[in-house]
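Q: Following the hints, complete the assembly by docking chain B onto the known chain A.
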Amino acid sequence: MSNLRGALACAISAALLCVAPAVETLAKDTGYLFVSNEKTNNVIVLEPKTLKVVKDMKVSRRPRDMHFNAEHTLLFVACGDDDVIDVIDVARLEVVKKIPTGASPETFAIDEKRRRIYVSNEEGSSLSVIDLDQGITIHEVPTGAEPEGVYIHEDGKSVYVTSEVGDLVHLVDPDAGAVLQDVVVGTRPRRFVATPDGKELWVTTELSGEVWIIDRAKFANAGKIEFLPPGMRKSDVTPVGIAMTKDGKTAFVTLGHASHVAFVDVATKKTVAYVLVGKRSWGITLSKDEKTLYVANGLGDDVTVVDVASRKAVTSVPVGRIPWGVVIDE
Amino acid sequence: MNSRFARRFVSALAFAACAAGARAQTPEAPRAAPAPLQLATVTIGYVELEGDVRYEPLKAFERLTLKLRGHPFPGAQVGIDDSTALRRSTGAEFKLERMSVKAPADLAGAVTRGMENGVSFFLVDAPAESFKALAAAVKGRDVLLFNISASEDFLRRDLCSREIVHAMPSRAQLMDGLVQTLVFKKWRDYLVLQGPSAEDEEATTAFLRSAKKFGARIADHKKFAPGTDPRQREKNNPALLSAINKDWDVTFVADSAFDFARDIAYRTVKARPLVGAIDLEPTAWHWTWEHNGAPQVNTRFAKHAPERKMESADWAAWISVKMIVQSALRTRPFDFRKQRDFILGPGTFDGDKGLAMSVRPWDHQLRQAVLLAAPYSVVASAPAEGFLHRLDVLDTLGDDEPETPCRMNR
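Going down the list, the protein sequences come from chains A and B. Going by numbering that gives the first Met the number 0, the first residue of the first sequence is number 0, and it counts up by one from there. Going by numbering that gives the first Met the number 0, the first residue of the second sequence is number 0, and it counts up by one from there.
Keep in mind the hints are simulated off the structure, nothing from the lab. For clarity, every value in this text was computed on a predicted model and none was experimentally measured. Heads up, a few of these hints could be off.
[Unchecked claim] Derived pair list, reagent style DSS-like, types lysine-lysine, alpha-carbon separation capped at 27 Å:
#  : chain 1 : residue 1 : chain 2 : residue 2
1  : B       : K131      : A       : K38
2  : A       : K278      : B       : K212
3  : B       : K234      : B       : K211
4  : A       : K268      : A       : K233
5  : A       : K248      : A       : K198
6  : A       : K223      : B       : K337
7  : A       : K57       : A       : K38
8  : A       : K38       : B       : K302
9  : B       : K212      : A       : K233
10 : A       : K278      : B       : K185
[Unchecked claim] Derived coverage of chain B by chain A (criterion: at least 3 residues anywhere in the stretch with Cβ under 8 Å from a Cβ of chain A; other residues may be distant):
#  : region
11 : 142-149
12 : 189-202
13 : 246-259
From the three backbone atoms N, C-alpha and C, an ideal C-beta is built for every residue, glycine too.
One chain only, chain A, in its complex shape:
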């Protein structure tokens, strides 16, 4: 029995060895999906056509938000229980560096031009401003309790951060290291997407079950969108993840416990479809050709693949325990 297992392990490592050089040449556009799993402390790499696991990567504890650098050679993964951001070499599929953060990093954004990472620290109630190259914290900006979503203004001079407990969106001056202004939104604001014209910032508010729209020039509320998939109760509608097409015409909002993704027409701010996905859907990403959506189902331990054109879930594939986010290298 143990021999058999040993043989199997050999075969697997041999297979991996074979795969490794092939991957090396695909440093860019591997096309792979990366899924972070909060409870199993790993990032699962999937081949998106076959949905087969390419690699199960051990990372620091409680991996959550993930972002690529501009060239897609590196993948940054915020690991909440070890207070670090793990840096993965996308070609080698290995963790090559760990950047220390504040207490319990949850989500973050990278400013490539100014070489900075902005991280919201869930336990520390702060926004860390980290030097991307040196990996050292330049500023620690106090925020409302449980900060989450981070969005960097295109000019790099302002950063928007939500406070889940404060029901606020902060406007932070990262150079002064201070919050300049707040806007009050719905209950438990989570994550952002900006319209491509740069005029609006959309914020999911989990507990009030809405998306709030912020006029960026005025930094003021400019309306909100409510959701109610057929047959669901309002209290189950807990929007968290959000994505938008490059033309700014359609937004996709994961509705958490309501197990649906809402397709929203951005111009009219009306929901045009609800697509059934898995339990507690949070993380969402859109493929480059915008034909496919990938949704991480936190309490289903799987990722649902949604066909955008037909507005239907195609399949769901098991990953690790409590998948948080999903990104695609293309």
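A: Same frame as chain A, now just chain B:
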């Protein structure tokens, strides 16, 4: 000191430079912070009873402490900490004024004195018996008291005061949460073991009522008498207490003294789980709840009370402060009546238990999920799946509008 000043000066300069920066054609974020706010100070009174027996450590005997307990004041402090980031938006700075009195009869006096000093919101951390005098003292006044530690149903049903909001779940809510969870598991037959205190009787009555409400059955209902007296063995021996001629699914224990409850597990005739006072307890909060941002609340609590875990009353104190702060945030400019109407009316609150909470107009009980806590994990949260309500599933727990004898707002 000098260097700190210099640093501040430099960041002020950097900030001024940013503020003066030219506008790009893409919408630019507003750069300047508004002028420094004149912050109003909102004082929240915290009234408690010195030597409140409910917070004495639970002991097996003098040198064996089973559990530390404490006044829920640190929970209120977390609420105040959370409010500091909201100063700009509320225009207010929130403070707690802790008022400890020596006798239950002095509680009303403390509240009255607070009111004379302009305090309109009070957290009341007092045993249920003290509420009658409190309610009389504030009747018709512009004041709102938050009950943060008494679960007794008679406060909601009979006292039924307009000036009191119950942040702590009622016994009816807790027991409904427990029985829903059991019925969801198809565990419908119960052996009820009731302790000698009045509180045990109240808990048992609530449990029996919940069992009836959700179609469960009572296999037997016995009163126990802690002790070793052989003449009382039918009442103090768990094996004899559980030697009944019917099968049952779980044993419900009501034991506020937390004395006999510890002796029942593994000593009954049949291997049946314990619920109620021990093993699976219905609670407002538990330190192992790991959803809805709860771990972060527990961490913030630990800063104020590192010696113990956050419990139900701590949670109730925290959510009460949060409700007051939220009402200020959503109804600016600051005005007590607007705040009160928001809290008692359209206000929905995030209590880190999933579903949005609000105050029931008929008895001022805060709607909320109930956590079913085992010693090291929350087994379930109620409402359980499948228990539906035409308006709000949270109203499947506790006294719904047609059930309550309280006639408030009707």
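Q: Each hint should be assessed against the structure and marked as holding or not.
A: Do the hints match the structure? See the list:
{"no.": "1", "hint": "B:K131 / A:K38", "in the structure": "violated, 49 Å"}
{"no.": "2", "hint": "A:K278 / B:K212", "in the structure": "violated, 30 Å"}
{"no.": "3", "hint": "B:K234 / B:K211", "in the structure": "holds, 25 Å"}
{"no.": "4", "hint": "A:K268 / A:K233", "in the structure": "holds, 19 Å"}
{"no.": "5", "hint": "A:K248 / A:K198", "in the structure": "holds, 14 Å"}
{"no.": "6", "hint": "A:K223 / B:K337", "in the structure": "holds, 23 Å"}
{"no.": "7", "hint": "A:K57 / A:K38", "in the structure": "holds, 12 Å"}
{"no.": "8", "hint": "A:K38 / B:K302", "in the structure": "holds, 26 Å"}
{"no.": "9", "hint": "B:K212 / A:K233", "in the structure": "holds, 25 Å"}
{"no.": "10", "hint": "A:K278 / B:K185", "in the structure": "holds, 24 Å"}
{"no.": "11", "hint": "142-149", "in the structure": "violated (count 0)"}
{"no.": "12", "hint": "189-202", "in the structure": "violated (count 0)"}
{"no.": "13", "hint": "246-259", "in the structure": "violated (count 0)"}
The structure fails to meet hints 1, 2, 11, 12, 13 from the earlier list, while all remaining hints are met.
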